[in-house]
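Peer 1: So you can see what is in the structure, the chains are spelled out below.
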Amino acid sequence: MAIAETRPAPLAGDRRDKARALRLVLLVLLGLTMLLGLGWGAAGDTDVIGALMAKAGIGEASLRDMTIVWDIRMPRVLTGALVGAALAVAGAVMQGLFRNPLADPGLVGVSAGAGFGAVAAIVLGGLLPLALQNLVGSYLIPVAAFLGGWLSTIVLYKIATRGGRTSVATMLLAGIALGALTGALTGFIVYKATDDQLRDLTFWGMGSVAGATWAKLLTAGPIIALALLAAPFLARALDALALGEAVASHMGIDTQRMKRIAILSVAGSVGASVAITGGIGFIGIVVPHLLRLLQGPEHRNLLPNAALLGAITLLLADMISRVVVAPAELPIGIVTACLGGPFFLWILLKNRALLES
Amino acid sequence: MITATDITVHFGTRKVLDRVHFSAAAGDVTAIVGPNGSGKTTLLRAITGEQAFDGEVALDGVPLPHLSPLDLAQRRAVLPQSGSIAFPFTVLELVRLGLTAGLATGRTEGLEHLPRTALTRVGLEGFEGRMVQELSGGERQRAQLARVLVQIWEPVLDGHPRWLILDEPVSALDIGHQLAVMELARDYARRGGGVIAVMHDLNLTAMFADRVTLLGGGEVQAEGTPQEVFTDGRLSACYGCSLRTNTPPPTGGPWILPQASQLSM
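Each protein sequence line maps, in turn, to chains A and B. Quick note: the first sequence, position 1, residue 1 per the UniProt record's numbering, numbers continuous. Quick note: the second sequence, position 71, residue 71 per the UniProt record's numbering, numbers continuous.
Keep in mind that the hints were calculated from the coordinates and are not lab data. Check each hint, because a few of them may be wrong.
[Stated by the list, open to error] If you anchor each label on the Cβ, the simulated ranges turn out as follows:
| no. | chain 1 | residue 1 | chain 2 | residue 2 | range |
| --- | --- | --- | --- | --- | --- |
| 1 | A | Ala12 | B | Glu109 | 51 to 57 angstroms |
| 2 | A | Leu264 | B | Gly240 | 38 to 44 angstroms |
| 3 | A | Thr67 | B | Glu109 | 49 to 55 angstroms |
| 4 | A | Ala21 | B | His66 | 43 to 49 angstroms |
| 5 | A | Phe233 | B | Asn203 | 31 to 37 angstroms |
| 6 | A | Arg257 | B | Thr117 | 28 to 34 angstroms |
| 7 | B | Glu56 | A | Ala184 | 46 to 52 angstroms |
Ideal placement from N, C-alpha and C gives every residue a C-beta, glycine not left out.
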């Protein structure tokens, strides 16, 4: 009774407390999932805690355990968390920008462009001069994917911008056209590919965090981190944009500047993500949608929580991908699609009344 | 003072506004009236900067392009004709969006009570937790008005009047709420703010407006007090129907009675 009296009742219509509580829960869950991710794998007898402590100078761990935890599993777990966060936040930003809960980074051609870059690198990479091949080495595919994603986004942005104003509707439609075009080009290259290359292409398209290394993480990580840090500055603008572009500008939002930041940060983070993990679908749609149902659409709370839940989701999907066909690994894109597809349908059916009104 | 000088707007090759002059002073409710397609909303959108135009719109002598979006948002708020909303916001969350509008930072200390006060002001107390999508058209219009009010709550800020710009603010409202909203607008003007409203209802305009601009065919047909502007011949010609203006004793203002065509013959 005393507790009820000292704490004011939650105000009707105000879901900020709920969002803050959810953030704490998600933070704890993320910590647990990361720890679990570090202990997950074939070498079940690895002393994860010991290896973590040893790095901090407390106690000792065997060289084998140190290698497994720090060189193999840690970059994988960090990559999973970072990419999951990037995809979920990019989805939320795109949905806010297009004022549509079904928008996805795929819509603005980032994914298609990145896919084209990767396919071109796998199939045509051998044609590059040897000196250049040696220079970029194993980075050829990620670099090409990143450039492809950026290039297609910039082309699209130029098409949709006229007289200093970017039309979101034009961007959506041109994105479909450009996606079809890059898809056709990709198809042409795939048609020309050898059997070995086809195998690489297929697995790349399904996505995986298995190939994560510190080097790749340190290349893509800063771009993703920058985009994640930029996201909170878009929160107020995205909230205002829910009321339409004209209303947002009446509320003091520089809508053109905000669109530019949103599009470039999404292109950067998704391009970098696709570059190191390949195509991983559904996290960008399911995570923000679920959070909007749980805590409301205010972006100041939606964006950070989407980052946390996106990271958790991808880490869990990665763990599942490692046990389903053990000792082999299932591409993670298959897992996220298997979980995300039915889950999304369930949300849709449950909220059909609200959507159709 | 908001002044619009020589406003010309083309939609393709069609001229929608032709060298229109308009001005509104703080302390007044200034109404823009006219038949459908006369350019009322286009003029309002030129004034708010939504519509590209030839000519100049100035706020207290400063042309609009010289003011940043933030400056403008601090000095005027705009109620759109129909407000759609993209995600499932609650009424309180919608109104709270007005709090940070025009602020350089998201700091709203000491203002957190305003959204509730504004909701009470528009007769929506107890609606805080309702979803905006589930409101009726009139309730939604009043919720949007509450958001707009929160943005420029004090009619005068640092000696500058602030402006409430309303596009058909009572179009979805029942008669009781029509009066309440118009009284609210008049009260805002009486406390030193400025109000510009596009109106359809000539009688409400006559009751609440201090100044009226009558548009017809993209040009200003008349400008002045309702008594000066609303004359039988001018209104009938402008609206293309027979209208007779009466002055009933209680208010002293003109009262417009539409005449069915059989009766007028």
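Peer 1: Now tell me if each hint is right for this structure.
Peer 2: Evaluated hints:
Take Ala12 of chain A and Glu109 of chain B: their Cβ atoms lie about 21 angstroms apart, and the range 51 to 57 angstroms is violated. Between Leu264 of chain A and Gly240 of chain B the beta carbon distance is about 53 angstroms. The supplied range of 38 to 44 angstroms is therefore violated. A hinted range of 49 to 55 angstroms holds for the C-beta pair Thr67 of chain A and Glu109 of chain B, which are about 52 angstroms apart. At about 46 angstroms, the CB distance of Ala21 of chain A to His66 of chain B agrees with the hint of 43 to 49 angstroms.
Against the hinted window of 31 to 37 angstroms, the Cβ-Cβ separation of Phe233 of chain A and Asn203 of chain B comes to about 48 angstroms, which falls outside the hint. A hinted range of 28 to 34 angstroms for the beta carbons of Arg257 of chain A and Thr117 of chain B is consistent with their spacing of about 32 angstroms. A beta carbon spacing of about 50 angstroms between Glu56 of chain B and Ala184 of chain A agrees with the range 46 to 52 angstroms that was offered as a hint.
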